[in-house]
Amino acid sequence: QMQLQESGPGLVKPSGTLSLTCAVSGGSISTSDWWSWVRQPPGKGLEWIGQIYHSGYTNLNPSLENRVTISVDKSKNQFSLKLNSVTAADTGVYYCARREYQVHMGEWFDPWGQGTLVIVSS
Amino acid sequence: DIQMTQSPSSLSASVGDRVTITCRSSQTISIYLNWYQQKPGKAPKVLVKAASSLQSGVPSRFSGSGSGTDFNLTISSLQHEDFATYYCQQGYDMPQTFGQGTKVEIK
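Taken in sequence, the protein lines are chains Z and C. Counting from 1, one number per residue, gives the positions in the first sequence under my numbering. Counting from 1, one number per residue, gives the positions in the second sequence under my numbering.
Hints listed in this document are in silico derivations from the structure and should not be mistaken for laboratory results. Watch out, some of these pointers could steer you wrong.
These stretches of chain C come out as covered by chain Z in the derived footprint (C-beta under 8 Å, 3 or more residues) [to be verified]:
id	region
1	45-52
2	81-94
3	97-107
Residues of chain Z placed beyond 12 Å of chain C at every Cβ, according to the derived structure [said to hold, decoys possible]:
id	residue
4	21
5	40
6	61
The model shown is predicted, which means the values in this text are computed figures rather than measured ones. Every residue gets a Cβ at the ideal spot worked out from N, C-alpha and C, and that includes glycine.
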């Protein structure tokens, strides 16, 4: 059973860089799936940040793409998120998830990591 | 971006009630609509894929319907463990976008 686990600092200073890693276990990151980041501000809804393929190719949300970098480390079976120039508006729970795809059914996120809370504050 | 609008934003219901949540997309998305359940402090969990395909392990009291721009998630007989927030998500075009959520509370 595949599991994902986020890790990284829970507190980031304004104007700094948020850095998170998602470790994948129970399966290889080098499959036909994409690997995504989704975030959720406190008490609010879900926002897709971006995704990466094991080749390193990425798709990013245009609303964040000038601040986001997503990378993959196949040797460690993990992928990472960097978000720079953070503000209080970037505070929230950050989830990693596998993006599954099937022909004629589209794509969805499953499984998800448990999420990690990142607070942007001085 | 494709905008996803859920209604209602919240609802109160009793155990045993039939509950329907609606999701509307700002443009046609065929059947590429997924539903998630999120409980407090937990990650979302996919319930329904491609508008009506129940994810393995999800109870049969959950069902999804719709195509084009209008979709429904129905819980045929609400159980205690179903009190949660539900989100729709379109998987038709990038960026993938979610509805704002529907919180199902105990009456």
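Taking the hints in turn, this is what the structure says about them:
| no. | hint | result |
| --- | --- | --- |
| 1 | 45-52 | holds (count 4) |
| 2 | 81-94 | holds (count 5) |
| 3 | 97-107 | holds (count 5) |
| 4 | 21 | 17 Å, holds |
| 5 | 40 | 9 Å, violated |
| 6 | 61 | 4 Å, violated |
The structure fails to meet hints 5, 6 from the earlier list, while all remaining hints are met.
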